[in-house]
Structures are given as structure tokens and as C-alpha cells.
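Student: Whenever a hint applies, use it, and build me the whole structure from the sequences.
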Amino acid sequence: MSEKKQAQWRFCRSCKRNLEQRGNEHNYTKKHKDNLIQKMNQIFTDVKGQKYFLNHITLSATNGETSSVALSNASALKPTSEDTSWYCFICDVTVHNEKTNAVGFEAIKHLASKSHHKQVDSFWYEAGVGIVHNQLKLNKQKFYIKEDRFQQFIIEIKKKRKEEEEKKEEEKDVPPIDEKIIAAALAPPPEDIQEIQKPAKAYETVYNASGIAQNGTGFNEEGNRVWGGGIVKVKRDMWLSWPIDELEDELDKRKVELGIVVGKASETPSSSGFRTVHATGENLKSLGARVLAPGEGNVHSGAVPPWLKSKSDLQRATNSGKMFAIAHNGRRGRALKPQKLGAELVRGENGVAASKNFLPKFGGVWQLNGSRGDNRRDFLENRAVQVTEKKEEKEEEEKNFPAPMMSNVSERSLRINLQSIIKLSKYLLSLRFVTLITSMADRNKRSYKERFRDIVDFQLPLEFINRCRSIKGVSPASHSAILAIEQDTESASCIWDASLVMSSWFCQQDEEILRQWKNSRCLEIGSGCGLSGIVMSATCAEMIATDLGEVMPILHRNVDKSGSILKELLGADGVNIKSQELFWGNDCSALSPPFDIIIGSDIVYEIQAFDLLVKTLRDLSGPDTIIYISLEHRWKDVERFFFAEIDQHFVYDLTSTR
Amino acid sequence: MSFLRGDQTIGTHQMSGLLRRLRNKEEIDHVILNTEDKVLVLRFGEANDITCMRLDETLRKTEGELSKMAEIFVIEATDVPDYTNYFDITLIPATIFFFNTVHLKCDYGTPDNTKWIGAFHTKQDLIDLIECFYRGAMRGKPIITSPIIPSHVPQYTLLYMDI
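Taken in order, these protein sequences are the chains called A and B. First residue of the first sequence: 1, per this note's numbering; consecutive thereafter. First residue of the second sequence: 1, per this note's numbering; consecutive thereafter.
Please keep in mind that the hints were generated in silico from the structure rather than gathered at the bench. Every residue gets a Cβ at the ideal spot worked out from N, C-alpha and C, and that includes glycine. Check the hints yourself; a few may be wrong.
[As the list claims (entries may be wrong)] Which bits of chain A does chain B cover? Going by a derived footprint, with three or more residues having C-beta under 8 angstroms, they are:
# : segment
1 : 281–295
2 : 302–309
[To be verified] Residues of chain A clear of chain B, computed beta-carbon distances all greater than 12 angstroms:
# : residue
3 : Gln141
4 : Glu166
5 : Ala209
6 : Gly373
7 : Glu606
[As the list claims (entries may be wrong)] Result set (DSS-like, lysine-lysine): computed pairs, CA atoms no more than 25 angstroms apart in a straight line:
#  : chain 1 : residue 1 : chain 2 : residue 2
8  : B       : Lys61     : A       : Lys285
9  : A       : Lys30     : A       : Lys16
10 : A       : Lys16     : A       : Lys33
11 : A       : Lys285    : B       : Lys123
12 : A       : Lys309    : B       : Lys141
13 : A       : Lys39     : A       : Lys114
14 : A       : Lys309    : B       : Lys38
15 : A       : Lys309    : B       : Lys105
16 : A       : Lys48     : A       : Lys142
17 : B       : Lys105    : A       : Lys285
18 : A       : Lys159    : A       : Lys109
Tutor: This is the structure:
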């Protein structure tokens, strides 16, 4: 009855439910599973504790004393005393570990027994451990011991027994220790002997899965200090360098020798200045290191920037900058405003800085201190002061105007030396126009009156005279003459740069060209003072210089004087020059056109006069006439109009002296 | 040199799609000294270099938009040794900024503050940079910090030696 009752009320070990009612369904409930997992783990550790003695056979002493080592090891897993009994959860049995051959023998025996094995199987089925198998990760085999293993265990025990007994027998044969040795050992050590250093605890270096070495003592097997992660501190002698280390050392040494510093914006190199020696960059082309002259500096050394340096003579001779200036600023050379709120710039003439230590003033009004009104007042006062200062400077300059020069002539044309014209004439083809480029700025320096000061001397070059002479069949001369040409203030006729250039150009012409001109009739339009006509008359057969009636007196005088000088040089027959009045647009049949050559210097200056000019030119010229005009680049419009007009009637070529 | 050089106005007659080119020291001097109240951008480089071409493309596209704030010119670095030596230009393209004859510097995060080396990553970078220069200069600052983020700044290395 009681058995039946017991059979009726069977409860699950882990979830404590009545098994009869539910059957095996309850194995899938969460409570059951969780409890089961817990239980199984506990059982496992339990069994493991007992199994420990399978592998580590410790014999219980014959006198009943178990070795302390065994106990200490066992207590790590499960605290047990000498007379321990072990409860097997699965079988519901307690096993008494009596003092038998080995420690934990009985437990192991039980675990190896068949009954236990069966119980494990039934438990496995009933509790449904298979369901939870994945979460458990435990094998059934771990909960029991196989028979083979158990037999082996027994054999090993027996072996150990024998060994122990043999040892004891050996010990008995050992003779007693010599008394002298005992006395020596007991006596205090002599002072000479040093103490033997005990070697430090040597733990093995342990390597974990990823290969990192660790050693609990902090020291290597070789005796080097070790940190975690395998970092070893090594003495300099023992360090083995790689080739790249040596290379880097060498590079560093070289750099120090050469004084090279790798550039960083934050580090400021020496204040005296530095230059780049080598530059590299991705997708960047390198020009190579800049070569500086010994005294030169650059941006980094704080040298004077090139745009503030004063122009040298060489630079003045070139024209491109000024051409560019005219083109860039527009046709009339717009004056720049030097003072402006917000970004003030104090400029001198020609855009060059007024003073050496030049700095523009930024934001003159918005100073940090003071109210805006005060600052503005200060600013305006300063500006007024500057303006007056400038005026004073100008007046001083005018007073100290340099002594006699060719007054109306720009400095450049002073330097028009014949050599440069010779070089350029190589590029001239069939010539119609000779153009001259001067600068507006130079001209405007001199005042109107100063332009018409003195008599201008024009030196006839000796070669030219000789050429003319040879053409006319006269022997070459030993010296040349100077033509003194007057200028007139009243009628505003002066020697313009254009005529100077033209006459010099004439002087440069080769003999062949002079021969062409030899027998030609020539006319000059807009003669003015008559210089170019006079020079031309040295080459041609007949020359007529014309201009407006106002200018005629001067023209007459100059022609007479210079004509006589030329006649001295070239012979009376060789020179034939007259002066006559001609209004453009008037009937000019009195001069008996057509002429072989027509000259004009600086006649293109007024748009209104173009029609008349062109008309006169057409009247005076025939189909074979050559016209030479030299003009100064003043206004672009004027030139454009002129050429538009000319295009309709004439064929023209261009050349220039620069 | 032909007569018509005077007729070729740099601003109007040239094809409007091209950048204006300066050919020698005088022209550069003139431009620096006479550009008023506008940031002056001078690109030193060689027209055949590919990075230069990229930079030129950016400059060309933004020239119109920036016309009130900046003027842009292009210079072949080999033409003007004076300027190349003064500015220590060793990598091209190098772009140098001026305002009212003052040379403007900017801390881009590169070894050299005096010029911008390389091309711009986007048009907007260039526009931002010029705007910062303009604002700084109108307030009197010849050195500014760069508005361009470091990843857009082309990096390079320079080795210096004392003069």
C-alpha cells in the first residue's frame, strides 16, 4: 500500500510537480527547464569533485592519516572532513567514504556501479534532460564512471601501494649520518662565504590564445623585465636593430649636419629667414629650390617686395609695362583715388609707394579706442593734413626742376639711340608707317611753358651725312653739323617726340633706300618746326614743308637756317627745300601733285581733322606714292578711327620702334 | 610688338571665358599697385600641369561671381623669376593673395602660410577663402585663419634651410 501510495505521488525532482497528473508534458515548461539546468550543474560539480580522486590518486595512510595535500585539494572543490559521506542526488543514496585504500574510493565505486548508471539513464529520460541538452552542454557520461576506468583505477592503487612499501624498506637501509657533518652544519658560517642567492620564483611565461605572453613574476625566463602584452625591456647592448632603424639614424645625423629643419608652420625657424630646399606634394609639380643672390632675401626673411622696389634703368627702357598700364586702366589713364574710407592707401606717383616703410592704412575710421565720431574727425583731419603736405611737396619739386634738357621730349626718346633703331629696322618690311610710343605720364610732368624753352639741337649723325654724300657723288665728310631748330611759344609749335624719332629713323636708313629716295619729290604735312622735313631733304631731290599759316614764320626761319647748313655739308645742288602754306582740305593743286613721298609726324591727334587729312593725302598722292607717318599712342579711339578711314583709301603696313 | 597691342584691352576685347594673363614683372607690379579695394589673386603655375588646369577651371568658373570682390590673374611661374624667388615658390600651382598692395597670409594648416598651393577641392572653398580675405583686409588684418576644412587642403612637405 505504501509502495502504491508512493507510486501514486511521484514528484518531479526539479519542479516538484506531480508527475502522474501531467506526464512528460511538464518537461517543456519554463520552470522545469530552468530548475533542471541549475540542478544538473550542481550535480556535475559534485560528481566532478569525486572524480578528482580518479586522476589524482592519493593513498590514505595506513595509520589512518590522510595526507594534507589531498585534503587541501579536495576542499577546494567541496569541503569534506575525514569521515565524509557523499550523497548522490540521482540515486538518492548516501555513500560513506571510509578509510579505505584511497581517498574517495567508495564514491568512485558507487559512480562506477551499474545501478548508478541505470539511475542516470532513467533520470535523463524522466526529467527530460535531452530537451535542455543544448543549454547544458554536458554529456551523460560525465555523471558516471565507466567500468574500464574503474578497473584501471584499482590497479593503479595497488601499484602505488607497492611503491610506498618499497620506499619504506629502502629508508631502513640508509646508514646514520656522520656526526662531524652534523656539527659542521650546525656551526655558524664563516664570514668569508657569501650567502647564496636563492633564485627568484620562476613562473612559466604563459601564452594566451592570441599569443600574448604573460609572466606572473614580471620577469622573463632570461631575466628581463616584462610587462603585460609581451613588452620586454631590454638593455641597449642586447637590442637588435633592423636595417631601417640604422637608416633613420643616419638620416637624422645628416639633417643635423646640414641644418635642415622639416617645415612646420607652428615652429618658427630663425628670424633671419629661410628658403625651401626641397618640396614634395601629391599631384604637385616641383620647380626646384630657388636660387637667391647673396644679398637677396625673400618673403620669409622680410625683404623688400619686388613691386615696391624702384625701377632700374633697364626696366624703364621696356615699354610693355606702360602699354599694359594704359590698356588696363582704360583709354584715358583713369586717375586713381588715393584716399578712401575703409581701405586707405597712400600712393605716390606712378603707383609707387611714397615712402620706404610703406604700409597701407586699413579701416582708418574704425579704431578700437574712442567713439566713432572722434575717430572720424581725426581721420578727416589727418586726410586734410596729408593733402596739404602733398601740395607742398609738389611745389618744391617744381622749383627744383632740373636744368636744361630737351624740354618737351620724354626721357625715353633721349635714349633712342641709333643702334636700337637699326636693330628694329630689320623687322620692317615695306614701310608705310613709323610709330612711336611715348608715355603720357612723362609728358605731363613738365609744364606747358617749359616745353617751349630753348632751341633744340639735333645732331646729324656722320654716317648719315656720308651716305647722302656718297649718293650724290660727293666724297665723305670728316665732321657733321648740328641743326639748331627754334620752337615757338606763341603758335604752339614745338618739336614733338614723333618728329624726333622720325628723323632719327631717316638717319638710320640704308644706302639702298636712300637711293630710292634720291630722285623723289617729297612733301611734308604738318611740319611744325620742320625738323623731319629738313632731315628728309638731305636725301631727296625736292622737299616742300607745309603747315598752317600761323606757323609759317618759324618754319621759314628754320628751313632757311638748316637748309644753309645742309647745303654746306652736301653741296648747294644736293639740297632743295622750301616751305609753303597748306590748309588741309583746301585745293592743293598749286603744289603740283602727285608727290613721290609724303611725310607727316604726329598729325594724327584730332578726330575732326581726319576727313580733311585724308582728303589732302589723296589729292597729293598718286598711285605710286609712299606716305610715312609717325604717330604717338595717345588715345585709342583716335587711332581706331584713323585707321578705319585710311583703310578705305590706302594700303598700309605697321611697324614700331619698340 | 604689333601696334594693335594697345587695342587689345585686357578687360573687354579678350574672350570673356579666359583668365587674364600677366607676362612680365612690370605688368604684375602695375596690377598689384593699382588694384583698388579688391582682393587680387595671382596664380603662379604652368598652364600644362594638370593640377594647374584644375585650379584654373575653378578660378574661371568663379571669376564672374567674385568680380566685385576679387580680380584674378594667371602667371607662368617661369616668366618672372623675380617674383618666384621672392615668394619662394617651389611647388606649383601656387596662388598668392593681395589687397591694396599688401600680401595676405592665411593659416591653412600647411607648412607655408604665405601662399595657397594646389587646386581647390570645390568652388565654394575658393569663394569662402576670398570672402574671408576680403573681410579681414577691410578690417585691417593681413593674416586670417582658413575657412577651408583640413581635409580639403592639399598637404605637402617642405624642407627649409636658413639663408
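Student: Check whether the Cα positions of Lys16(A) and Lys33(A) lie no farther apart than 25 angstroms.
Tutor: holds, 12 angstroms
Student: Next pair to validate is Lys48(A) with Lys142(A); report whether the Cα-Cα distance is within 25 angstroms.
Tutor: holds, 8 angstroms
Student: Is the listed coverage of the segment 281–295 of chain A by chain B valid when you require three or more residues with a beta carbon under 8 angstroms from a beta carbon of that chain?
Tutor: holds (count 12)
Student: Is it true that the CA of Lys285(A) sits at most 25 angstroms from the CA of Lys123(B)?
Tutor: This hinted pair holds, its Cα atoms lying about 22 angstroms apart.
Student: For the pair supplied as a hint, Lys105(B) and Lys285(A), confirm whether the alpha-carbon distance does not exceed 25 angstroms.
Tutor: holds, 22 angstroms
Student: Could you let me know if the closest chain B CB is still more than 12 angstroms away from the CB of Gln141(A)?
Tutor: The assertion about Gln141(A) holds, with a minimum of 63 angstroms to chain B.
Student: If you draw a straight line from the CA of Lys309(A) to the CA of Lys105(B), is it 25 angstroms or shorter?
Tutor: holds, 21 angstroms
Student: Just want to verify: Glu166(A) was marked as not at the interface with chain B; is every Cβ pair farther apart than 12 angstroms?
Tutor: With a cut-off of 12 angstroms, Glu166(A) remains clear of chain B, as the shortest Cβ separation is near 81 angstroms.
Student: Is Lys309(A) close enough to Lys38(B), meaning Cα to Cα at most 25 angstroms?
Tutor: It holds: about 22 angstroms lies between the C-alpha atoms, which stays within 25 angstroms.
Student: Please verify whether Lys159(A) and Lys109(A) have alpha carbons no more than 25 angstroms apart.
Tutor: holds, 18 angstroms
Student: Going by Cβ atoms, does Glu606(A) stay more than 12 angstroms from chain B at every point?
Tutor: holds, 18 angstroms
Student: Find the nearest Cβ of chain B to the Cβ of Ala209(A) and say whether that gap is larger than 12 angstroms.
Tutor: Holds, since 39 angstroms exceeds 12 angstroms.
Every hint, counting from the list given before, is met by this structure.
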